[in-house]
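Protein chains in written order, with my numbering: chain A, 1 to 345; chain B, 1 to 345.
In case anyone wonders, no lab produced these hints; they're calculated from the structure. Misleading hints may appear alongside valid ones.
Since the list gives no way to pick one copy over another, a pair counts as held whenever it fits inside one copy or between any two copies.
Capping the alpha-carbon separation at 20 Å, the derived lysine to aspartate or glutamate pairs in DMTMM-like fashion look like this [to be verified]:
#1 Lys168 with Glu187
#2 Lys299 with Glu187
#3 Lys194 with Glu58
#4 Lys299 with Glu268
#5 Lys194 with Asp295
#6 Lys343 with Asp284
#7 Lys266 with Glu54
#8 Lys194 with Asp182
#9 Lys315 with Glu238
#10 Lys220 with Glu311
#11 Lys49 with Asp263
#12 Lys266 with Glu215
#13 Lys150 with Asp182
#14 Lys287 with Glu259
#15 Lys179 with Asp284
#16 Lys266 with Asp184
#17 Lys3 with Asp120
#18 Lys287 with Glu34
#19 Lys171 with Glu84
#20 Lys287 with Asp211
#21 Lys150 with Glu340
#22 Lys230 with Glu311
#23 Lys315 with Glu91
#24 Lys152 with Glu259
#25 Lys192 with Asp295
#26 Lys92 with Glu268
Just so we're clear, the structure is a prediction, and the values are computed from it rather than from any experiment.
2 protein chains.
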Amino acid sequence: MRKGKCDVAVAGATGAVGREMINMLSANNFPVNELRLLASSRSAGQKLKFKESEIVVEELSPEWIKKNRVDIVLMSAGGAVSLEYAPLFSEKKIYVIDNSSAWRMNPAVPLVVPEINPHDLAVDKYIIANPNCSTIQMVHALAPVHRISKIKRIIVVTFQAVSGAGWKAVKELESQSKKIADGDFRELNLPKNKISVFPHQIAFNCIPQIDVFLENFFTKEEMKMVQETKKILSSEIEVSATCVRVPVFRGHSEAVNVELSDDITKDEIWEALLKEKNISLIDDVSKLRYPMAIDAAGKSATFVGRIRHDESRPKCWWFWIVSDNLLKGAALNAVQIAEELIKII
Amino acid sequence: MRKGKCDVAVAGATGAVGREMINMLSANNFPVNELRLLASSRSAGQKLKFKESEIVVEELSPEWIKKNRVDIVLMSAGGAVSLEYAPLFSEKKIYVIDNSSAWRMNPAVPLVVPEINPHDLAVDKYIIANPNCSTIQMVHALAPVHRISKIKRIIVVTFQAVSGAGWKAVKELESQSKKIADGDFRELNLPKNKISVFPHQIAFNCIPQIDVFLENFFTKEEMKMVQETKKILSSEIEVSATCVRVPVFRGHSEAVNVELSDDITKDEIWEALLKEKNISLIDDVSKLRYPMAIDAAGKSATFVGRIRHDESRPKCWWFWIVSDNLLKGAALNAVQIAEELIKII
């Protein structure tokens, strides 16, 4: 770092999250000295805007890393690329904030939501993991509650937007929706050749599968929520999830049933949430106000509402948590990690 | 009844559920002698098809009930109409199978899912309630499990199709989706004048509100699921729900976390479900097979899949339950009630 400014690289710069990382560096006024954009050879040569300048995308390669030096890399290039390249950066004592799942459960790697566990960052830990989108917004909203009464159990059901699966997924929902709309909705089931990114048609449907299935019959996405929540909040919390893809472009919604350790009131929960950084409480059902994906899209906060006591059991509460999966769920959280990081390096 | 055949009336015949009631009478070969179609004055005079004939819709009025006689009325005309007219029919010892919520929690009124509690029907109980769509499919799928191990607790999150709110709601999702598709998805948030049936935009969004809010901050839909499940399955079951409207035309999906009384195996659960009438088990994640709304639409079964042990707690299981909200969730269940009824009257 020179004069408090960083040389930053975004690796995977042309992807859905990579582009938002560039936007968030600008929107958050992150102290960038020079920004380098990296991607696969396929995308190298493209130009992307950052503030007033256009930056040419360079090819991420071992040679690039040998020849160049930056302070921080924001990486969103998938697990395989991350497993190969993050160690090459870290050997050169370059910090990598990685958006893939490759490093998250590595005990040596901090898994950070800056509002919750910035203290897990350390000068000598060069690889830092950005949690899964559906985990970030949930733990962000629940951490203040956990602080006033330890959470014992979380049951979560997600309504996840297609942009979490990348630009091709966004285009697939667009083209499927357009095809059905152009047919005046007479045929709601599309032929198989209209389906490629998702395992089944996503337009006007709900798919109870995100990522691959594991041996325990849960999906990898569901187990990410379990394991990452335990790592970030507390290993003692019992977590179980059903993750569902819905025909929404941007903004994950989550219905969360939480069992606390104490009898606390709704006022106490509201108070804890109102004090929390980057949490927006939208919880006035008398005016039909609650968080929704179309309102959260493009915003930086995690939105919480529909807070109510689950009358079937003491100490159990429902929450409805919504956030932009590309922002707080990915790019923004990564930039916020970088903001914490530069305080200590 | 004459020679085993009934005179049947469908009240609310022109609505989304009413039309399906007519279809189901035909599809199930219900022994209809004469079919009468009733609706408000606004819809009277319309002609609807039943098997090979066209039937003119008549106006439902106290005069009609005075002058005419049928054996069974299938009613789907909303709570207010039901409260006014069901007693007029029952006074004449005409059976009314009512699809509204008006009578469901009345202790004198049977609330019936024919696979579960047909024995609640009785010769002298002329008003019979058809449960809420989201309740029917859930209890239908869970009843066989409850028989092998008493259910202690149900936590359910729903993904409900717009057709549950009637034809206008279907048209609203169509017109909103078309507007956004015609704009090539550049503008995803529609102006307020495109929103009328639902409190907010439903296209490419999830709305965590179905029906009105009650004093306990739950919606009426959520409390229907609680109260009706207790009435149908067992008052001892703890139930809590979050009900969400999603941009799907037909077919409600439900993620359900169930706590049982005993340690049972997945094989035992499968076996119980495979034996159950009208349940279709679609649970082979190795082939990415699980129930989905677009596959359930137009079908009569309740589809169950993604059955897995919730590893966070003993005796807890996840289910993913999908059914056509207009068929098993409404019209078909009503006709199936009528089928049980004619066995005893």
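| Within, between, both or neither, where Lys287 and Glu259 count as close if Cα-Cα is 20 Å or less | Neither way: Lys287 and Glu259 sit 27 Å apart in one copy and 35 Å across, limit 20 Å.
| Status of Glu187 relative to Lys299 across identical chains (alpha carbons, at most 20 Å) | Close across copies (16 Å), not inside one copy (35 Å); limit 20 Å.
| request: Using 20 Å as the alpha carbon limit, work out where Lys287 and Glu34 are close: within a copy, between copies, both or neither. | output: For Lys287 and Glu34, neither the intra-copy (47 Å) nor the inter-copy (48 Å) Cα distance is at most 20 Å.
| request: First find the shortest C-alpha distance between Lys287 and Asp211 inside one copy, then the shortest across copies, and answer within, between, both or neither for a cut-off of 20 Å. | output: Cα proximity of Lys287 and Asp211: across copies only (14 Å, versus 37 Å in one copy).
| query | Under a CA distance limit of 20 Å, which applies to Lys171 and Glu84: within one copy, between copies, both, or neither? | reply | Close neither inside one copy (29 Å) nor across copies (51 Å); limit 20 Å.
| Alpha-carbon proximity between Lys315 and Glu91, which holds within one copy, between copies, both or neither at 20 Å | neither (48 Å within a copy, 47 Å between copies)
| Given a CA cutoff of 20 Å, do Lys299 and Glu268 count as a within-copy pair, a between-copy pair, both, or neither? | Cα proximity of Lys299 and Glu268: none, with 26 Å in one copy and 47 Å across.
| message | Cα distance capped at 20 Å. Does Lys194 pair with Asp182 within a copy, between copies, both, or neither? | response | Result: close both inside a copy and across copies, 14 Å intra and 19 Å inter.
| field | Lys152 and Glu259: within-copy, between-copy, both or neither at 20 Å Cα | value | Answer is both: 5 Å inside a copy and 16 Å across each meet the 20 Å cutoff.
| request: Since the copies are identical, ignore which copy is meant and state whether Lys192 and Asp295 lie within 20 Å (CA to CA) inside a copy, between copies, both or neither. | output: between (32 Å within a copy, 13 Å between copies)
| said: Reference check for the pair Lys179 and Asp284, CA-CA at most 20 Å: within, between, both, or neither? | reply: neither (38 Å within a copy, 29 Å between copies)
| said: With identical chains, the pair Lys150 and Asp182 could be close in the same copy or across copies; at 20 Å between alpha carbons, which is it: within, between, both, or neither? | reply: neither (51 Å within a copy, 49 Å between copies)
Checked against the numbered hints given earlier, the structure breaks hints 3, 4, 6, 7, 11, 13, 14, 15, 16, 17, 18, 19, 21, 23 and 26 and satisfies all the rest.
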